[in-house]
Amino acid sequence: MVAVAQLVRAPDCGSGGCGFNPRQPPLFKLQVAQTAKLQGRVAQTAKLQAAPSPTCSREDNLSENHIIRVQHLVRSFGTLIAVNDVSFDVHKGETFAFLGPNGAGKTTTIKMLTTVLRPTSGTLELDGLDPVVQPTQVRTRFGVVFQDPSLDSELTAWENVDIHGVLYHVPRRVRHERGETLLKLFELWDRRNDLVKTFSGGMRRRLEIARGLLHTPKVLFLDEPTQGLDPQSRNQMWTIVKNLNATEGVTVFLTTHYMDEADRVADRIAIIDHGKIVATGSSAELKQQTGTESLEAAFLKLTGTSIRDEEFSAQDRMRQISRVWRR
Amino acid sequence: MNVIYILWLREVKKYLRSRAQIVASLGTPLMYLAVLGFGLGPVFRKAGQGSYLQFMAPGVIGMTVLFTAMFSGIAMLWDRQFGFLKETLVAPVPRVQIMIGRTLGGATVAVIQGAIIFAVTLIAGFRPASVVAVPIAFLIIALIAVVFSALATAIGSSIKEMQGFQMVMNFLVMPLWFLSGALYPLEGLPAVLAAFTRVDPLTYGIDGVRGTMIGAAHFGVSFDVVVLLGVGVVFVIAGAWRFSKIEV
Numbered sequence: 481m482v483a484v485a486q487l488v489r490a491p492d493c494g495s496g497g498c499g500f501n502p503r504q505p506p507l508f509k510l511q512v513a514q515t516a517k518l519q520g521r522v523a524q525t526a527k528l529q530a531a532p533s534p535t536c537s538r539e540d541n542l543s544e545n546h547i548i549r550v551q552h553l554v555r556s557f558g559t560l561i562a563v564n565d566v567s568f569d570v571h572k573g574e575t576f577a578f579l580g581p582n583g584a585g586k587t588t589t590i591k592m593l594t595t596v597l598r599p600t601s602g603t604l605e606l607d608g609l610d611p612v613v614q615p616t617q618v619r620t621r622f623g624v625v626f627q628d629p630s631l632d633s634e635l636t637a638w639e640n641v642d643i644h645g646v647l648y649h650v651p652r653r654v655r656h657e658r659g660e661t662l663l664k665l666f667e668l669w670d671r672r673n674d675l676v677k678t679f680s681g682g683m684r685r686r687l688e689i690a691r692g693l694l695h696t697p698k699v700l701f702l703d704e705p706t707q708g709l710d711p712q713s714r715n716q717m718w719t720i721v722k723n724l725n726a727t728e729g730v731t732v733f734l735t736t737h738y739m740d741e742a743d744r745v746a747d748r749i750a751i752i753d754h755g756k757i758v759a760t761g762s763s764a765e766l767k768q769q770t771g772t773e774s775l776e777a778a779f780l781k782l783t784g785t786s787i788r789d790e791e792f793s794a795q796d797r798m799r800q801i802s803r804v805w806r807r
Numbered sequence: 030m031n032v033i034y035i036l037w038l039r040e041v042k043k044y045l046r047s048r049a050q051i052v053a054s055l056g057t058p059l060m061y062l063a064v065l066g067f068g069l070g071p072v073f074r075k076a077g078q079g080s081y082l083q084f085m086a087p088g089v090i091g092m093t094v095l096f097t098a099m100f101s102g103i104a105m106l107w108d109r110q111f112g113f114l115k116e117t118l119v120a121p122v123p124r125v126q127i128m129i130g131r132t133l134g135g136a137t138v139a140v141i142q143g144a145i146i147f148a149v150t151l152i153a154g155f156r157p158a159s160v161v162a163v164p165i166a167f168l169i170i171a172l173i174a175v176v177f178s179a180l181a182t183a184i185g186s187s188i189k190e191m192q193g194f195q196m197v198m199n200f201l202v203m204p205l206w207f208l209s210g211a212l213y214p215l216e217g218l219p220a221v222l223a224a225f226t227r228v229d230p231l232t233y234g235i236d237g238v239r240g241t242m243i244g245a246a247h248f249g250v251s252f253d254v255v256v257l258l259g260v261g262v263v264f265v266i267a268g269a270w271r272f273s274k275i276e277v
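Note that the protein sequences, when read in sequence, are chains V and H. Numbering of the first sequence is given in the working numbering, commencing with residue 481 and proceeding in unit increments. Numbering of the second sequence is given in the working numbering, commencing with residue 30 and proceeding in unit increments.
Hint data in this document are derived by calculation from the structure and do not stem from the laboratory. Incorrect hints may appear among the rest.
[As the list claims (entries may be wrong)] Below 30 angstroms or equal to it, Euclidean Cα-Cα: the simulated BS3-like pairs (lysine-lysine) are:
(1) V:677 <-> H:75
(2) H:274 <-> V:664
(3) H:43 <-> H:189
(4) H:43 <-> V:722
[As the list claims (entries may be wrong)] Not everything, but these chain H residues come out facing chain V in the computed CB check (under 8 angstroms):
(5) 31
(6) 48
(7) 49
(8) 61
(9) 64
(10) 115
(11) 117
(12) 119
(13) 124
(14) 197
(15) 200
(16) 204
(17) 215
(18) 216
[As the list claims (entries may be wrong)] Pulled a few chain V residues facing chain H out of the computed Cβ check, cut under 8 angstroms:
(19) 596
(20) 600
(21) 602
(22) 612
(23) 632
(24) 646
(25) 647
(26) 665
(27) 667
(28) 671
(29) 674
(30) 738
From the three backbone atoms N, C-alpha and C, an ideal C-beta is built for every residue, glycine too.
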């Protein structure tokens, strides 16, 4: 499978190397160039050379191996500021979780990283490329499972996977081999010729994730992937995803509001609330920071205990309609 | 090219799988053919215009193509609600390719439906002027299908909810059909009605089909084809433009 993975993957530009970003201030461009030159050397040398930037936290400057870098990201919808000056790095190969209450800005951030939404201001970088400037190149580098299902339920599982392969320019042979591997891995191979409308919620989710991995992305975005799934499906799903995370080195970026999930699967967690990141670190670090014993207690300490009422948008209404239609 | 093909194939596969939909969508044209074709036949003959079935068969084929093509706009709303649209929109391919694949798929389905109704009219007693006329007529039918599939794409990209599509059906599709001269000759109409029929692209489509199949065109087949091509280009550009503006 690793050989297949290498075959499919687009030529690597290296992080920051070819990602010339006209929207960044000149000073930053210089830094990027320097960093790129240093990549071959020992990591420690690079750490010493990297100029300290007042905009990043200490930890961010040390992370040479980031695959996603978000700086001062802002997105507003009219008067509502959904994402308010958010900055963070995601390291290569890690599992990174966005943990936050409803309406915290998790989905909005994912939408901007996946080129679906334009930021109001701030800079984004995914594998050295800017999703705003080079959306097409960025799209080949990530797989995404949105909060709402995006399968064609009138087609079979295999047809859904195959169409995805064509849309992502995966050669036919690779499409078939990797498609088979992934469907077997997600335990859907026996049902590959069944229409998706006959699938359960858990199977649909698994199919979406399998499909999202077909083009061997570097980053897999999972926006609340386990919502509405039973514990067995959640468990199975995470076992497979963590396994792929280890074997293929795919970076996993997930959002959730299940504490146990973030605690269990994520290497690092960013807690986001009201469009701002309130804390970043591993589960242990967050507990230590807040002096609490569980992640849930840490979360409540950081975000408060008030109930969030999301505004009922037109999109939510559509979502509800589609739920009714799906039976 | 592969992208256009696979999205085209998707539309056709889904059509072939939904047998119930095929049968249901043939109901309306069959009703028109049976009720009006045979009901108004004697009046038409008395007025010295010959066989009404011969006259209206091309109109009913045109109607089928119009309705089927416009329903491909519904497919887009369906995809929006069930999410598949998003899957295509975040793919690393130009949106225009996605739009063309979908539109050609919708147009193909419309032509197949038109062919089924054509077969039914043959059974009912419709006789084209010659065998050669049929494939030429179907080229014009394909043009009609592309024109209205592209229009449906433009509209489907611009409205977000099912209720909106109902409006389109009532205030666009039905007038397009009734003003097209499918049911009545274009000669000697009141000036206002005549003006309306002349801005309806379907008028030229049905006139072209009628011209090739029974040799009785009002405007002339080559003029009809030129108009359809022109309108087709405009609608495809409009559809591609509207499709490129979709936000998920």
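*Report the numbers of all earlier hints that the structure fails to satisfy, in ascending order.*
1, 2, 4, 6, 7, 8, 9, 13, 14, 15, 16, 17, 18, 20, 21, 22, 26, 27, 28, 29, 30
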